[in-house]
Amino acid sequence: MQTDINLKDEFFESYRKRRLIKLDIATVIGIIGGFVLIIVSILLGSSISAFINIPGLLIVVGGTIMSTLIMQKLNVVLGAVKVAIKAFFDKSDSPDIIIKQIISLAEMTRKQGLLALENENVEHPYLAKGIRMAVDGMEPEEIIRTLKIEINSLVERHEAGHKIFKFMGTTAPAMGMIGTLIGLVQMLRTMSDPSTIGPSMAVALLTTFYGAVLAFLVFNPIAENLAGKTDQEKIVMNIILNGVDGIARGLHQSLIKDSLTSFLSQKKRNLR
Amino acid sequence: MQTDINLKDEFFESYRKRRLIKLDIATVIGIIGGFVLIIVSILLGSSISAFINIPGLLIVVGGTIMSTLIMQKLNVVLGAVKVAIKAFFDKSDSPDIIIKQIISLAEMTRKQGLLALENENVEHPYLAKGIRMAVDGMEPEEIIRTLKIEINSLVERHEAGHKIFKFMGTTAPAMGMIGTLIGLVQMLRTMSDPSTIGPSMAVALLTTFYGAVLAFLVFNPIAENLAGKTDQEKIVMNIILNGVDGIARGLHQSLIKDSLTSFLSQKKRNLR
Amino acid sequence: MQTDINLKDEFFESYRKRRLIKLDIATVIGIIGGFVLIIVSILLGSSISAFINIPGLLIVVGGTIMSTLIMQKLNVVLGAVKVAIKAFFDKSDSPDIIIKQIISLAEMTRKQGLLALENENVEHPYLAKGIRMAVDGMEPEEIIRTLKIEINSLVERHEAGHKIFKFMGTTAPAMGMIGTLIGLVQMLRTMSDPSTIGPSMAVALLTTFYGAVLAFLVFNPIAENLAGKTDQEKIVMNIILNGVDGIARGLHQSLIKDSLTSFLSQKKRNLR
Amino acid sequence: MQTDINLKDEFFESYRKRRLIKLDIATVIGIIGGFVLIIVSILLGSSISAFINIPGLLIVVGGTIMSTLIMQKLNVVLGAVKVAIKAFFDKSDSPDIIIKQIISLAEMTRKQGLLALENENVEHPYLAKGIRMAVDGMEPEEIIRTLKIEINSLVERHEAGHKIFKFMGTTAPAMGMIGTLIGLVQMLRTMSDPSTIGPSMAVALLTTFYGAVLAFLVFNPIAENLAGKTDQEKIVMNIILNGVDGIARGLHQSLIKDSLTSFLSQKKRNLR
Amino acid sequence: MQTDINLKDEFFESYRKRRLIKLDIATVIGIIGGFVLIIVSILLGSSISAFINIPGLLIVVGGTIMSTLIMQKLNVVLGAVKVAIKAFFDKSDSPDIIIKQIISLAEMTRKQGLLALENENVEHPYLAKGIRMAVDGMEPEEIIRTLKIEINSLVERHEAGHKIFKFMGTTAPAMGMIGTLIGLVQMLRTMSDPSTIGPSMAVALLTTFYGAVLAFLVFNPIAENLAGKTDQEKIVMNIILNGVDGIARGLHQSLIKDSLTSFLSQKKRNLR
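Residue numbers (numbering that gives the first Met the number 0), protein chains in the order written: chain A, 0 to 271; chain B, 0 to 271; chain C, 0 to 271; chain D, 0 to 271; chain E, 0 to 271.
These aren't lab readings, by the way, just hints derived from the structure by calculation. Note that the structure is a prediction, hence the values are computed from the model and not measured. Take the hints with a grain of salt, since some may be wrong.
Any copy, or any two copies together, can satisfy a pair, since identical chains are not distinguished.
List time: in silico SDA-like cross-link candidates among lysine to any residue, alpha-carbon distance up to 20 Å [claimed, not checked]:
1. K85 - S152
2. K81 - M200
3. K72 - A83
4. K81 - S103
5. K90 - I38
6. K72 - E232
7. K233 - S93
8. K256 - I143
9. K72 - V235
10. K233 - I148
11. K72 - S91
12. K233 - K256
13. K233 - I96
14. K256 - S152
15. K81 - L263
16. K72 - D89
17. K256 - I102
18. K256 - M107
19. K72 - F34
Whenever a hint applies, use it, and build me the whole structure from the sequences.
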């Protein structure tokens with residue numbers, strides 16, 4: 000029995016360590032690297048000042064924000080900043096650690112009964128809720144129903160977040176086009192001196208440039224990043240759902256393991 | 000027991016207060032702010048009059064309305080104005096208040112039986128219908144079936160509203176392009192005096208500008224706003240559906256609470 | 000009992016009246032108004048003859064028809080004209096009249112048994128089929144299965160119609176672009192006399208203009224109109240499906256009413 | 000009894016006749032008519048030779064083929080030619096003939112038992128498989144499961160075919176744009192003699208023209224044509240699925256007829 | 000009995016042979032052929048050096064990579080290279096070989112019981128897992144549930160791979176546009192000498208060219224290739240799922256064969 004407990008302690012330790020929120024290094028590299036690339040390629044041909052146009056920046060950024068405010072409630076839009084920060088951190092739970100914990104809980108259930116789980120210190124709130132419901136003697140069907148609501152409602156809440164960034168990703172280029180149209184109309188109306196056409200048009204095109212950069216280096220990749228993180232969280236929650244179902248129905252840990260490792264790739268399964 | 004009733008009174012009070020239709024401040028800021036931004040950025044380069052072209056405005060706005068009239072019945076298109084006004088108000092029910100009320104009703108049912116709910120003053124019409132059906136002794140399955148029809152038919156009705164704005168959001172830029180094509184063809188046919196090319200083209204581009212502004216500062220964000228409000232209403236209705244199901248099946252209030260709080264985010268759950 | 004029969008007669012009368020196919024006034028206004036708008040805005044700047052180019056019109060209209068012939072069978076494409084005419088008429092059944100009739104039939108069933116429905120004159124063919132199957136003693140599950148096939152197959156048949164107009168709505172602008180490319184290539188090859196560039200390009204742009212007008216004032220809104228009418232018909236058929244199910248299972252009319260009014264908006268329910 | 004058999008013979012005869020693969024006249028008219036239209040509209044303004052550019056044609060056609068080869072296995076791409084030929088022929092089974100045959104088989108089953116079907120000559124392979132499984136005494140659920148796999152796998156196989164043409168329909172215009180970009184870059188680099196700009200640009204635009212014509216007169220309509228044929232085949236297979244289910248469960252032919260005619264439009268039902 | 004075993008040995012042999020990972024010749028031809036085509040069509044008009052612009056290439060390739068890094072975790076993006084290599088190889092299992100093996104296993108089960116499968120050497124890991132669970136005496140429903148998780152989780156993992164290439168396929172042209180905008184703005188600002196306009200614009204257009212080539216000759220077709228391979232793998236896994244279900248339920252091999260051959264096209268069935 001000792002070995003079991005030791006094993007558990009060991010992975011609980013590693014669980015806690017890995018849960019320490021990690022900076023998502025790729026996101027940071029990507030966003031800094033992307034802007035550095037653009038700045039460098041500008042500097043190869045001109046000074047950076049040629050690409051700075053405060054009114055143009057205002058209309059693209061401001062217009063995108065205004066359009067987003069129409070689309071969503073104030074607190075959700077303000078919350079979007081917080082959501083965007085999520086894209087820079089990686090606090091997803093490792094599926095294999097969760098699986099190990101569930102198997103150890105299933106083993107304990109088989110040996111000491113469901114009530115033995117009551118004093119277990121389960122960190123993952125979703126797993127904790129499932130275990131508590133099982134310990135309370137709720138029917139497995141009822142537990143599954145409740146946990147499914149939990150998954151669906153988490154996905155829906157997160158999707159509201161992605162939607163804002165997707166919306167910004169389509170609105171920013173449109174605002175860029177609106178800015179360019181304003182510049183073009185003003186330029187064309189007073190086309191007396193042909194030598195001013197070039198510089199005026201250069202300024203007009205800057206808003207299109209801002210819109211494209213914002214959309215393709217900020218909003219769209221962040222929207223996809225968040226969607227990917229939700230998919231990951233969903234997998235972990237589905238693992239927990241299946242595991243708790245197995246525990247509540249009193250299945251043998253090897254059966255539960257068979258079922259849960261099906262969520263992992265062939266390679267990860269063999270490694271463990 | 001006193002405490003329970005007091006608690007209930009207290010939240011009923013707050014429920015009534017919060018139900019007072021609130022102006023959706025973000026939508027108002029967004030639409031006013033958006034137009035102010037565009038006007039300011041025009042004024043930085045020219046007078047506003049350079050961007051006013053009544054025939055151009057007529058073809059974009061009129062063409063979009065005509066296309067929408069082909070698409071939908073007269074009363075639905077007229078109703079769209081009313082629907083658009085909805086986007087400026089926030090009369091959504093707070094999920095946690097609804098959950099509190101359902102739990103209190105579940106508690107009452109456990110103590111005094113289903114018939115005790117008959118005299119309860121339930122404001123939310125959907126919850127009221129569900130409770131009434133439960134009191135009338137309808138089978139839980141039958142209640143769920145009826146409430147699901149209600150959700151689906153509400154969503155379908157609302158979607159007909161969003162569709163009009165989405166349709167306008169794609170039609171307005173197309174009408175802008177049609178207006179610009181008319182202007183370009185007229186300009187190109189009589190290209191005798193090169194000095195008139197600029198101003199003529201400036202006027203031709205205005206319809207494209209109108210189409211883009213209408214689509215990205217009015218129609219598209221309003222369509223998304225309405226879709227978001229429908230999603231919110233759907234969540235509240237799903238909470239009620241699950242709650243009424245629990246009440247009709249005589250479940251314990253703590254079980255119902257477990258199930259219903261699953262619709263809320265982790266944070267909101269702890270706050271309560 | 001007299002009152003009941005009177006009520007029924009009264010709504011049967013109004014049912015017949017309303018079934019008289021009505022012109023869908025919005026569609027007619029939209030399509031005429033749209034073209035008037037475009038013609039007026041052309042006349043403000045030039046004569047209408049500048050926008051008439053028979054070969055250009057031929058390539059856009061003809062090319063779209065040819066592409067559609069490749070896509071679908073001859074009789075379906077010819078039938079599309081008939082389908083388009085549907086968009087101009089409103090022969091949808093009013094959901095509340097259907098609900099009233101179903102409730103009256105349910106009442107009759109409770110009083111006189113299912114066989115009493117045999118001599119009822121039910122006009123709606125789908126309702127008539129459902130009632131006949133119930134009278135014939137078919138199992139409710141079997142009736143539902145048959146009626147669901149009916150709904151799905153109606154929706155699929157109608158969707159084939161919408162698809163043709165959606166296809167035309169994407170093909171017409173493409174044909175317009177092809178026409179413009181032909182004109183541009185011919186103009187550019189013989190660009191000896193700069194004074195002819197303008198008029199040649201004006202002519203080349205006309206096909207793009209035709210394609211956009213056809214797509215956004217004819218094909219796309221008609222496709223959406225037909226899709227909306229299918230949605231409406233689907234709701235009526237779902238009401239009938241639920242009503243016939245209730246009648247076949249011998250449910251009380253008030254229960255059926257509860258279920259069927261769930262398909263209506265809150266407002267329409269109270270009005271009745 | 001004689002009448003029944005005569006009836007059957009008669010429709011089997013017509014079945015065989017109609018099964019003779021017919022040329023899909025609309026597809027042939029569409030593709031020839033489309034190219035004639037484009038050639039005529041070219042001839043109105045210049046000779047056809049101005050629109051022939053072998054290298055341009057090579058990059059659009061070749062590039063599209065190469066991209067498609069990356070996307071799919073060699074035998075599937077080669078098979079796509081065969082699939083495209085399908086679009087020119089109409090060998091779909093008429094739903095009403097299949098329904099008549101199923102009803103006659105159901106009648107025979109009621110009179111002589113399931114085993115009587117053993118010697119029936121059923122031509123449609125899918126119906127034959129279903130009947131054979133019923134005669135073999137397989138459970139109706141098992142038959143339905145097997146036939147559903149058959150439908151899904153046919154649809155998936157056909158969809159792989161449509162996908163190739165849809166892919167070509169989006170890749171061809173892109174290859175056209177790549178060709179035009181190559182031409183533009185070469186023209187702009189050596190822009191010494193302004194008189195050569197026009198003709199060079201005319202040539203550059205030809206690839207865009209080729210890409211658009213291929214996409215909108217060949218690939219896209221063929222993709223839609225094949226999708227429509229798959230939908231038709233799916234309806235016939237669903238009719239057979241329902242019919243075989245009825246026969247296997249020993250339902251009365253009038254019940255089966257009620258169920259199967261639900262797949263047809265109101266008009267076709269009455270005609271028969 | 001001898002014949003059976005011989006047959007089995009024979010196909011096991013061919014199975015092993017065919018499993019040898021084959022180069023997907025079409026993908027290799029497509030990617031090399033595509034680039035050769037583009038290079039040849041460039042050489043027809045100018046030297047290749049006119050199309051090489053290192054900073055432009057850097058901004059398109061680098062920007063696409065940076066954007067992708069924001070979107071996904073570092074190890075997933077690095078893994079994408081490995082995933083891309085998959086597109087060049089064909090290691091899919093032949094459905095008919097898998098079917099033959101399942102039928103032979105089913106036959107063995109009918110003759111010698113489920114436990115006889117224990118010593119069978121099953122290579123396909125998914126089939127092996129299913130067989131092992133059946134031998135272990137798991138309920139068929141439980142086996143199906145576990146195998147379905149396996150399919151869904153494989154599809155989800157693979158889709159994460161496709162998504163990266165689809166994302167790159169939309170980001171690369173956007174980065175190309177950003178590069179062109181930078182070049183245009185720099186050119187327009189210093190438009191003093193008209194003779195430099197052409198060459199500058201030629202260079203500016205190169206990034207658009209790079210973006211289009213990368214998207215339509217590399218990223219998009221690879222994304223579709225991987226999606227197609229996943230579909231194929233899914234079919235094989237569904238065949239195994241159905242086969243293991245049949246074996247676990249002790250069905251006769253001819254029944255299993257009927258069910259599994261439904262996954263194949265009519266032609267492949269007859270050939271075998």
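Checklist entry - Of the hints given before, which are not true for this structure? => result 2, 4 and 5
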